[in-house]
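**Student:** For the record, the sequence lines run as chains A and B. Per this note's numbering, residue 1 is the first one in the first sequence, and the count goes up by one each step. Per this note's numbering, residue 1 is the first one in the second sequence, and the count goes up by one each step.
For the record, the hints were derived by calculation from the structure and aren't laboratory data. Misleading hints may appear alongside valid ones.
[Stated by the list, open to error] Computed spacing ranges between beta-carbons, pair by pair:
no., chain 1, residue 1, chain 2, residue 2, range
1, B, Glu52, A, Leu20, 33 to 43 Å
2, A, Thr109, B, His10, 38 to 48 Å
3, A, Glu64, B, Arg30, 25 to 35 Å
The C-beta atom is built at its ideal place from N, Cα and C for all residues, glycine as well.
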Amino acid sequence: AQSVTQLDSHVSVSEGTPVLLRCNYSSSYSPSLFWYVQHPNKGLQLLLKYTSAATLVKGINGFEAEFKKSETSFHLTKPSAHMSDAAEYFCVVTYNNNDMRFGAGTRLTVKP
Amino acid sequence: DTEVTQTPKHLVMGMTNKKSLKCEQHMGHRAMYWYKQKAKKPPELMFVYSYEKLSINESVPSRFSPECPNSSLLNLHLHALQPEDSALYLCASSTNNRGEQYFGPGTRLTVT
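Model the full assembly from the supplied sequences, consistent with the hints where possible.
**Tutor:** Put into structure tokens, the structure is as follows:
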């Protein structure tokens with residue numbers, strides 16, 4: 001069965017330090033993979049997507065993610081955290097049937 | 001226009017009320033979705049419309065009734081809800097069944 005696992009429920013970093021949010025997926029097919037961000041009481045905003053083109057994907061707000069098929073991973077990174085990055089982040093995998101599978105989410109806290 | 005709009009932003013209703021949530025997009029997307037999101041959880045898929053036809057119903061109770069009057073509009077009719085139905089209801093749209101979904105800001109529903 002297809003699934004997506006976010007390895008950390010909560011990540012805390014200091015402002016200006018790197019961010020790493022981890023995501024692993026299980027699939028026997030080539031998935032499309034996405035990262036979304038959700039600020040409190042808001043909808044979800046697409047950060048970036050992987051759809052079988054370049055394995056290193058650049059997104060908005062300085063975020064990027066690397067698709068590693070051998071590790072079935074799609075980790076999200078940012079070189080330098082900003083206070084405004086504090087939010088909930090969801091890794092999402094989708095296949096050919098409108099079925100988006102969400103990870104459980106990672107709450108990112110950014111300390112001053 | 002890359003926006004999905006949802007009305008109302010907030011809704012409080014009693015268990016005997018009938019109300020409707022509305023979602024609209026003008027991006028020419030032919031797939032539209034309803035999700036339910038409880039606090040500190042990822043969104044849960046409720047319904048998918050593809051080309052204005054209901055294609056996925058994730059075993060949602062009949063007190064939730066979706067409607068897609070045209071390719072830009074999606075409604076969710078609510079009747080005889082329970083307090084546990086209180087949640088953030090998110091609408092999304094996409095161009096196809098593997099593409100990224102664009103989310104609206106959500107309707108915060110409270111059932112009293």
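**Student:** If a hint holds in the structure, say so; if it does not, say that too.
**Tutor:** Against the structure, the hints:
{"no.": "1", "hint": "B:Glu52 x A:Leu20: 33 to 43 Å", "in the structure": "42 Å, holds"}
{"no.": "2", "hint": "A:Thr109 x B:His10: 38 to 48 Å", "in the structure": "27 Å, violated"}
{"no.": "3", "hint": "A:Glu64 x B:Arg30: 25 to 35 Å", "in the structure": "30 Å, holds"}
The structure is inconsistent with hint 2 alone, although it conforms to all the rest.
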